[in-house]
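Knowing the structure of chain A, use the given hints to seat chain B on it.
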Amino acid sequence: MSETAQRGGAIPPNSATPLVSLRDIRLTFGSHQALRGVDLDVMPGECLALLGDNAAGKSTLSKVISGTYIPDSGTITVQGEEVRFTGPNDARSRNIEMVFQDLALCDHIDVVGNLFLGRELNKGPFLDQKAMLARAQEMLEALEIRIPRLTARVEKLSGGQRQAIAIARAASFQPKVLIMDEPTSALAVAEVEAVLSLINRVKAKGVGVVLITHRLQDVFRVCDRAAIMYEGTKVAERMIADTNLEEIVNLITGGH
Amino acid sequence: MANYTERAKQSHAVEWLNDNAQVLSIALFFIACMGFFWALTDTFMTTGNLLNVVRQGAPVLIVAVAMTFVIMTAGIDLAVGSIVALINALAAILMANGFDWVTTSVMMLAAGAVVGLAQGWFISFQGIAAFIVTLAGMSILRGIALYITEGYSIPIKDQAGFFWLGRGTLAGIPVPAILAVLVAIIGFIIMRNTRYGRQVVAVGSNLEAARRVGMPARWIVCSVYMMSGIACAIAGLLIAARLGSGSSNAAVGFEMQVIAAVVLGGTSLMGGRGSILGTALGALTILIIGNGLILMHVSPFLTQIVTGVIILLAVWMNTRLFGAGFKLGKKG
Numbered sequence: 001m002s003e004t005a006q007r008g009g010a011i012p013p014n015s016a017t018p019l020v021s022l023r024d025i026r027l028t029f030g031s032h033q034a035l036r037g038v039d040l041d042v043m044p045g046e047c048l049a050l051l052g053d054n055a056a057g058k059s060t061l062s063k064v065i066s067g068t069y070i071p072d073s074g075t076i077t078v079q080g081e082e083v084r085f086t087g088p089n090d091a092r093s094r095n096i097e098m099v100f101q102d103l104a105l106c107d108h109i110d111v112v113g114n115l116f117l118g119r120e121l122n123k124g125p126f127l128d129q130k131a132m133l134a135r136a137q138e139m140l141e142a143l144e145i146r147i148p149r150l151t152a153r154v155e156k157l158s159g160g161q162r163q164a165i166a167i168a169r170a171a172s173f174q175p176k177v178l179i180m181d182e183p184t185s186a187l188a189v190a191e192v193e194a195v196l197s198l199i200n201r202v203k204a205k206g207v208g209v210v211l212i213t214h215r216l217q218d219v220f221r222v223c224d225r226a227a228i229m230y231e232g233t234k235v236a237e238r239m240i241a242d243t244n245l246e247e248i249v250n251l252i253t254g255g256h
Numbered sequence: 001m002a003n004y005t006e007r008a009k010q011s012h013a014v015e016w017l018n019d020n021a022q023v024l025s026i027a028l029f030f031i032a033c034m035g036f037f038w039a040l041t042d043t044f045m046t047t048g049n050l051l052n053v054v055r056q057g058a059p060v061l062i063v064a065v066a067m068t069f070v071i072m073t074a075g076i077d078l079a080v081g082s083i084v085a086l087i088n089a090l091a092a093i094l095m096a097n098g099f100d101w102v103t104t105s106v107m108m109l110a111a112g113a114v115v116g117l118a119q120g121w122f123i124s125f126q127g128i129a130a131f132i133v134t135l136a137g138m139s140i141l142r143g144i145a146l147y148i149t150e151g152y153s154i155p156i157k158d159q160a161g162f163f164w165l166g167r168g169t170l171a172g173i174p175v176p177a178i179l180a181v182l183v184a185i186i187g188f189i190i191m192r193n194t195r196y197g198r199q200v201v202a203v204g205s206n207l208e209a210a211r212r213v214g215m216p217a218r219w220i221v222c223s224v225y226m227m228s229g230i231a232c233a234i235a236g237l238l239i240a241a242r243l244g245s246g247s248s249n250a251a252v253g254f255e256m257q258v259i260a261a262v263v264l265g266g267t268s269l270m271g272g273r274g275s276i277l278g279t280a281l282g283a284l285t286i287l288i289i290g291n292g293l294i295l296m297h298v299s300p301f302l303t304q305i306v307t308g309v310i311i312l313l314a315v316w317m318n319t320r321l322f323g324a325g326f327k328l329g330k331k332g
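These protein sequence lines are chains A and B, in that order.
Under UniProt numbering, think of the first position of the first sequence as 1, with each following residue one higher.
Under UniProt numbering, think of the first position of the second sequence as 1, with each following residue one higher.
The hints are simulated quantities; they were obtained by calculation from the structure and are not laboratory data.
Where hints are given, some of them may not hold.
From chain A, some residues computed to sit far from chain B (all C-beta separations above 12 Å) [unchecked claim]:
hint, residue
1, Thr75
2, Arg135
3, Asn244
Derived contacts from chain A toward chain B, CB cut-off under 8 Å, selection only [to be verified]:
hint, residue
4, Pro88
5, Asn89
6, Gln101
7, Leu105
8, Cys106
9, Gly113
10, Glu120
11, Pro125
12, Phe126
13, Leu127
Idealized CB from N, CA, C, for every residue including glycine.
Chain A with its partners taken away, still in its complex shape:
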């Protein structure tokens, strides 16, 4: 088996330069080989599905892109420039944002405060609450997210609203790459629809979206390309238009 075939036979790149490209990323935790040489490209304006069974390495790979994990070897290139992340802040400063599976919201802080968490606007020594409220309204309007009251504490909101806020927070500070780990796993039907249409709107702005999910029906709704992981390697990559549910399931389970 040739080297390329092992890494899943990447689809020939289109004309645009990838926003992020990973080459031969390897990461070991103790004796556990979490990632065994993964290549991945994220293109502008596309949604890339990262699929695979539990422990296939999807979340680990996404955390490498977002700077939470530092790979043992391999290169990360952001818009043609090779980078070395030392933490989540490095990735953030390169406009790579991540929505975590557990949302990472502060329940006791209001919607506005959560949207600006870690990026508070100041007016002299004090928080500029007025400016933050106004900007928050614009941010949510731009994503067509409707929250009745922006000064309500986040603990009072529904699961879907919380999800929307987590996504809005990541999507509103001009990200170029937006990684979402299981954004729809715990949501009701209407809420899933809202998140999916939100992904489409973000995509339309030229953002590269990486979607990690177990819900294959979502993949066929919003994604353009799927990368399938198995035991820490990328085993296949397919354009969504050229594949079907059966093939994807076979690739994930290794039953091909």
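Just chain B now, kept in the frame of chain A:
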């Protein structure tokens, strides 16, 4: 086309009541206590008595403000009484050895900060539970105070400026009370309107989230214990200035009063939820209960029991009636 379902908008009044339920509940309880003692004693509602209450209660209020920050991060500082005693004794010893009161006060504020930082370092950078670190601190620091004073009370002599801090008045209001109100106002503004205050709430609400958005989470946790140490130093100095002596037996049971005030004020021991306004009201409530029971000639042995029961009842009502699940305008 998908939209979020929206509930009917509540009126602003109901929203405001829901957001401030905790503070309102302690405010009502405070007013009820005032009314109770006013009705049952002749002396409670006199200017002299009330000014005495705030003068004596100033240290509790000052430390309770700092303790609110500590508890907001889901921490606890059990050592506050011991720090107050240590500073109280040290200040008297320094002044007995010829230091003037200004130098002494500055040194004591620094000492409080150092002690607080040391506790904070063990808690945030070494990951030891705050309860354990400050329990050890409570024993060690009171022990140091006993050791250096050998158990004696040390008199402070000829420091008129210093005594004014503890005994003086400004426009008829005791100086310690003015200082305490200043500390409470500063604490209120920091908590509500500054980035640091927001960071404290965020760390207490969801430490991991705060870390992921790039907040210096460990430093924030460490810093609240330093603030607590500084507040204890102020309290220790005020007590020394009022009593004109320093003793290792100062502020016994102080930590319980302070923690009770904070919890009574609606601050959650789980972190994230709380307010300085609630703490101020909680501290005043604890103080007037202590004062009022004495004026009612209740046996001093009963006073402790009654205080404890009232605190338990108030906190119970607070969590049952105004807890997380509470919502005005919702039946069932």
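Tested hints:
no.: 1; hint: Thr75; result: 24 Å, holds
no.: 2; hint: Arg135; result: 16 Å, holds
no.: 3; hint: Asn244; result: 25 Å, holds
no.: 4; hint: Pro88; result: 6 Å, holds
no.: 5; hint: Asn89; result: 5 Å, holds
no.: 6; hint: Gln101; result: 12 Å, violated
no.: 7; hint: Leu105; result: 6 Å, holds
no.: 8; hint: Cys106; result: 4 Å, holds
no.: 9; hint: Gly113; result: 6 Å, holds
no.: 10; hint: Glu120; result: 5 Å, holds
no.: 11; hint: Pro125; result: 6 Å, holds
no.: 12; hint: Phe126; result: 5 Å, holds
no.: 13; hint: Leu127; result: 5 Å, holds
Violated hint: 6 only; the structure is consistent with all others.
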